[in-house]
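Enquirer: Single-letter residue listing:
Protein chains: 2
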Amino acid sequence: MQFNEILNQLKTYEPGKDIELIAKEYGVKEVIKLASNENPLGVSQKALNAIIQNASKAHLYPDDSMSELRNALALKFGLKMQNVIIGAGSDQIIELATHAKLNHKNAFLQCGVSFAMYEIYAKQVGAKAYKTKSITHDLNALKSLYEEHKSEIKILYLCLPNNPLGECLDAFSVEEFLKDIDEDCLIVIDAAYNEFASFKDREKHIDPAKLIKSFPNVLYLGTFSKLYGLGGLRVGYGMADEELINALYKLRAPFNVNILALKAATAALDDEEFVKNSLENNFSQMQEFEKFARENQLDFIPSYTNFITYFFEEKNSSDLSEKLLKKGIIVRDLRSYGLNAIRISIGKPYENTRFFEEFESILKKN
Amino acid sequence: MQFNEILNQLKTYEPGKDIELIAKEYGVKEVIKLASNENPLGVSQKALNAIIQNASKAHLYPDDSMSELRNALALKFGLKMQNVIIGAGSDQIIELATHAKLNHKNAFLQCGVSFAMYEIYAKQVGAKAYKTKSITHDLNALKSLYEEHKSEIKILYLCLPNNPLGECLDAFSVEEFLKDIDEDCLIVIDAAYNEFASFKDREKHIDPAKLIKSFPNVLYLGTFSKLYGLGGLRVGYGMADEELINALYKLRAPFNVNILALKAATAALDDEEFVKNSLENNFSQMQEFEKFARENQLDFIPSYTNFITYFFEEKNSSDLSEKLLKKGIIVRDLRSYGLNAIRISIGKPYENTRFFEEFESILKKN
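Heads up: the protein sequence lines correspond to chains A and B, in order.
For what it's worth, full-length UniProt numbering labels the leading residue of the first sequence as 1, then goes sequentially.
For what it's worth, full-length UniProt numbering labels the leading residue of the second sequence as 1, then goes sequentially.
By construction, these hints were calculated from the structure, which means they are not laboratory data.
Given the structure is predicted, the values throughout are model-derived calculations rather than measurements.
Just so you know, not all the hints are guaranteed correct.
Mimicking DSS-like on lysine-lysine, the simulated pairs with C-alpha atoms at most 27 Å apart in a straight line are [to be verified]: (1) 250/B <-> 105/A; (2) 46/A <-> 46/B; (3) 143/A <-> 133/A; (4) 80/B <-> 150/B; (5) 46/B <-> 250/A.
Chain B is faced by these chain A residues, among others (derived, beta-carbon under 8 Å) [stated by the list, open to error]: (6) 89; (7) 91; (8) 101; (9) 186; (10) 275; (11) 277; (12) 316; (13) 339.
The beta-carbon is built from N, C-alpha and C at its ideal position, and this holds for glycine as well.
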């Protein structure tokens, strides 16, 4: 059978090996997963209650207006419900934006290394990728590449803070930078981890209402998968000028987010104590990760997220990841991004302590 | 901002009025919803237990290989895991199939009135719709339209049984018909309600393993939203030859189905008693709906699903639906399909009794 031509350019899906199973095959008793930037404190109690209370409604289609969650988000950010769209993860909003703006005749722009889904979705519509030589966000480099290919670039991604590297631009410099971007270029501000950055340094805080007011071409993305502890439920959101949200809605499938995910997200948004504990645990533990790096002469970028990325010179990141796996610790090897680095999610204190012990011993033997 | 041209041809989303809220505004105490073909017996106990047991894992990303559910489905249908793809509702598999095969230069074929999402997704890629004059599935009409536009038609939909009309082709005649369809045309067998049809009449039973063996261009769709009582969780599946599944996988977003949905679906598949009770309730109650139609001289198509569609001549379906709504009973007006008809989901006995009482009184006053 012939498929649309674009499929020839897409990779065949490799069924993911269940990495936890592999670890167990190595005879490890307790697997510690520090690979997916999940919240180490688990599910917020309020969200957990919402899931259990609503489980018996799982046979009913959700309210497709999603007004409860959209209104809660609008209220939190000083916007209207009409400025909000909910996705099955913020990934799905990226997918909608891609289909709304990109095609085989145009392109998107990002920094050298950023969230992989930008490019994966763009490839599905045959759009070209422009990336700066700088792996992290360098506004001068982004601007010069943008100016060079202005007529082609229809989406510009800024990941604030950046996954998988952890650095974060100041909100002020972003605002200045955006003034030079054409109105027809969609600017996606991926703020999946921005609560972490804002907590560490208020200068990193992106205010979507303020940005949207100045820039009708900005789409702000947030998620419940990280700080809000609902990675398994797939809920994210996009916020923008109403015209832009309407365009995305044209491509949205009905009932794109499930009833328990909507209920849990609404409850999680309200769980301030859980959020506070998550942020405090993250950054007190982050200090341990930085200390470990310094003690072991590892390069790292100070992180504004819930993970940290260690870079290696002589040692090999894939080899190190494999050795950690044999000890039952799962981290993210960044080899597929072209980096000799590993990304480690900040876990609970006892998980991190085990990581430090095992990794130190691996580094010394290596 | 300019969007991809196709968006100009798509309707702006109308935020759905929450119909239950409206009913409550009419001062109704108990709203009876017979509009979305949800399972009136609710959530199966096994699925409910699975949700509650796994709620505390909602912070963890699901196993993206989805091997547990894919293997369970493969086992049930005599296929391999590689023949199965899971979607956020079978809708999402229709979306993937559309993006794999359709574009602005080709077309799809369906009977006159069928599941609305076929056309909605096709419009998003600019593909043309061919529909038979016959509103129900008429194989001769489908064949003649297919022959006429063979080079253009790249997806053929057969909805067995058909939503929103309820009729169902015999499996044998479908197999014969498929022999005349070109190998490059993707045949989507939408079996979302096929368990109901099979229970009523074994001749309607579609065996995906048998079909896939004979026709590498068949994609069989099933869902957990109807018989399995998980409409709110959005889980469906596609089964086909491995090559076809691989093509769909190229377009699938990672983590497209959430962790609680996967766990609940796997458990529901195993709840034979719930399935049996659901089927028995449905068809014993269906007799009441047919009896009611005959007593009130209403046209209907004998239904092989969990809903029934009543047709009207002089009376107006929108007017009747509105009057039912004022009594707190929600049904689906089929005006948007160009029909003067309403579709009623088969509910619990007491819900159906209330429907009969209210509707009879409305019909008599009208």
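Enquirer: Against the structure, test the hints numbered earlier, and report the numbers of the ones violated in rising order.
Expert: 4, 5, 10, 11, 12, 13
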